[in-house]
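Chemist: Chains as they are written, first to last, in this note's numbering: chain G, 1 to 887; chain W, 1001 to 1111.
It is possible that part of the hints are untrue.
[Claimed, not checked] If the Cβ cut is set under 7 Å, some of the chain W residues that face chain G in the computed set are: (1) P1026; (2) G1029; (3) R1075; (4) K1078; (5) Y1079; (6) K1081.
[As the list claims (entries may be wrong)] Chain G regions said to be covered by chain W (calculated; three or more residues, Cβ under 8 Å): (7) 193 to 203; (8) 702 to 712.
Bear in mind the hints are in silico, worked out from the structure with no lab data behind them. Fair warning: this is a prediction, and the values are worked out from it, not measured in the lab. A virtual CB, placed ideally from N, CA and C, is assigned to each residue, including glycine.
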Amino acid sequence: MTRGRLRIRALVRRHHDQELQDELQLHMKLLEDEYRAQGMTEAEAQAAARRQFGNATQIKEQSHDLFAFGFLDDLFRDLRFAARSLRKSPAFAAAAVLTLAIGIGGNTAMFSVIHGVLLRPLDYPDPDRLVFLARENPDEVTSGRFSLERLDEMRTAARSYTGLGAFLAHPEDVTFSGNGDPEVLTAARVSANFADILGVRPVLGRSFLAEEDTSGGPAVAMISAELWKRRFGADPSLAGKTAILNSTSYAIIGVLPAGFQFPFPAVDVWVTRPAESSNLEPTFRRCCSPLFGFARLKPGVTLQQARSELNVLNERYATAYPNKRVYAGPLRLTQLKDQLTENVSTMLWMLLGAVGFVLLIACANVASLLMARATSRSRELAMRTALGASRGRVIRQLLTESMVLAVAGGMLGLLLARFLFGVITSMTAFDLPRAEEIHIDGVVLGFTVALSIATGAMFGIVPALRAVRPSVVDMLRQSGAAGAGTFGKRGKLGVSTWGMLVVAQVALSMVLLVGAALMMKSLAQVASVDPGLQAAGLLTMRIPLPATRYDTFEKRAAFFDELVRRIETVPGVRGATVVRKLPTTLGRLGTNLQIQGQEIAEPGHLGIALQSITPGYFRVLGIPLKRGRELTARDNTSGAPPAVIINESFARRFWSAYPGGEDPVGKRIKVPILDVGPLEIVGVVGDVHERGLTRNTEPQFYIPQWLYPPNNAYLAVRTEQEPLRSVSAIRAEVRAVDRAQAVADIRTMDMILAASVGQQHLATWLLGLFAGTALLLAMVGIYGVLAYSVAQRTQEIGIRRALGAQASDILTNVMGHGLALALAGVALGIGGAFALTRIVTGLLFRTSPTDPATFAGIALLFIMVALAASYVPARRAATVDPMRALR
Amino acid sequence: MGHRKSGELLQGTLPLLILRVLVPEPNHGFAIARRIQQISKDVLRVEEGSLYPALHKMELEGWIASEWGLTENHRKAKYYKLTRTGRKQLKHETGRWDAIAGAIAAILQEA
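All chains should be modelled from the sequences, with the hints used to inform the complete structure.
Modeler: Right under this line is the structure:
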């Protein structure tokens, strides 16, 4: 309370005091007059009056009590009363607060995730004006990309943007060397005006100029604040500072602010010329560099208007370049923020809904607790009502108690949320976009407070209303066990309020459990997918060869061959191979090809995946050979007759009768980007889930790496012992071949595959946690209701036993009660689950959202849980001693 | 001063009595108590300790309103008068009292 308010209170109080004083004084004076009229002396009269009057202070106190100085006075009194009352029942208070903490804490944690990832606007000025441009066609082959040509065309033709730029669709690795050890950093290639479009200014130096973005222009770079601190000691002067990236010297012209995350997290270096991806040969860069576009809308231009303009431009482009159909698909425009998060938003909202259910269940539990408590206080409450406290006052008093519980629960819940949070963010297998932006900040705190208050009202209102019902007549009808009449009283629907709460709890828990079970089933399905290779015992790492030092195919091929040769001599290594990409990693290259003897069915770019491998690839990865032979060292020699191996999907695609019909082995393929004549198919291997366990396999062909060596390759080594223990030995070999070469992404194949389903794992884990908590709370709810019911009906049970009922009859009666509640809840829950699980269809893999086995299984589980929860109270009821009970 | 403690029953009905007594004209606390005593022929005596809290509570509920004025002897006194809500409350309380009294009478006759 502020001092100002205190002072006002005191003033008003003093005024009121004064008035009361005057009133009482008058009364005394009139009394004195009376006594004097009866014959007493003045002194006697005064004394008598004072005696008669009794304790004047007491009157004043009572008067104050009744006279409420408005809301604040009442509130404080209510709070004190609530605190006192709760202190008298610590077990109840602890149970209630803990239950609420679980419910509120879970919601706070989920909300902070949603707030950070989905709701908070991006950290740029006017972030709603930022848009993202990508090709609309989500086809597997060239998904979502945008080309340099279209960028140029749009820059001239489009009118809706203040700035339009592009960035290379994936981060690049650069080996950063110079002072100190070489290390691999993440680099982004962006248009020169990228910082201007976003509205971000460098903290040091300047941003790129347009002339620095042209082919052949100066080599300049901007770096992150973290890198600036780490490698350059945060030197306030940029003069002469250079970074040697992939053996080329770049002048550092600016430093970006800490925490800047565009276009990917953890980028340390930004360079210009987005189309010059070091992954592509120069000839392919202009047409085929995978770019994404982004722009800032002009003030006053709406998203809709920009989209209409884009449609027009799409049409124009399609007419002007008809044969570039594949690369010139229509562009679509979305808000930048949505683009970054679109694949997780369903999952996150679903989880928030789930944890919301948990809170509802928790509220039902606490409401039951409150009602149980109210019946034992009914006498006290009835008397207060009869003595003049209005019903409103009593309800307010009870609600205040609820609020105190809720706020206490909220505070404890906040602590719980922080803990849960720490656990979630430390789970390495998961990868949420904008994960760095998740904090427990002011908004989240505000949410927690609001939720606590709403919760308090929600669980408090029903018990409060019920508690003030008794009239004078009821109160006079007290019989032994206080308020025995109100418990289990059947309302209009023939069900007691308690019963309804339990049924609701069971229903909500059912929904969560079914959801969790479905997700677990889905994960199991994913895990049961044969990736097509032997993942265990495989160590992997990425080797980004700097394009400048390894500018020819020969140099790259020589490096990889030498590396594999050396590594295979390391003790404990069963085999090593170098390949363009590993299953579920980035780096897919799609090309055009033609089968000799087959018509070109689809003119244009086919985009069949090409893999460059060293001879031991299939053996090392454990991919089965189905026909023909593997590639040998001879195939991998420059000048050897070009051989190729295809996978079964490829065979089925081009020889529809496969495995019957024509044998692909022996046929020839012409691949334009390779500088050789037709390649002969020498073998067929099994399919591998290159694009993820949940996606179908696709046609793929494998060439010896000398034909088209990657400059960003993956090394896979099969080790005898635990893979990660061989890391230093392998790194030593890499350095032995090239001292300046760094490696990145050191992981085992198992880790790679696990990471590819990281989000589903997280979602399943969390949903399972929520469902388990819900089940526990529901169980406690059932137990509580039955236990209380039995305690209340002790007399009745005693009578029954005395009249000849068996213990087993009582047992079945009580358990029957519990079972009935559970069944009602299960039925409702099944209905609810049926309706709601459709929401997560997108997250399920090979699992139907209405999978009957799962539904049936969970229903059965719940019934067993309910029976278990009913057992203890039932036993207690059955062992009631009739003599004792009847007393 | 031999008055019996009328106890719980009176406490519940005190507001009813006060309301009734205020029907003819506004009055201050002392006078209200004296009138109750007088009309009931000394059967019901209101303790000051009950009177003023009741008056203040009733004022809070809006059944009576207060105003400072002067007594016949020019002394400052707080006068209470009946409000419209108060009249309604009076009717309500009277009805309840009749119901209870009737019930009690019936039982006494029966038993």
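Chemist: Checking each numbered hint in turn, tell me which of them this model violates, lowest number first.
Modeler: 1, 5, 6, 7, 8
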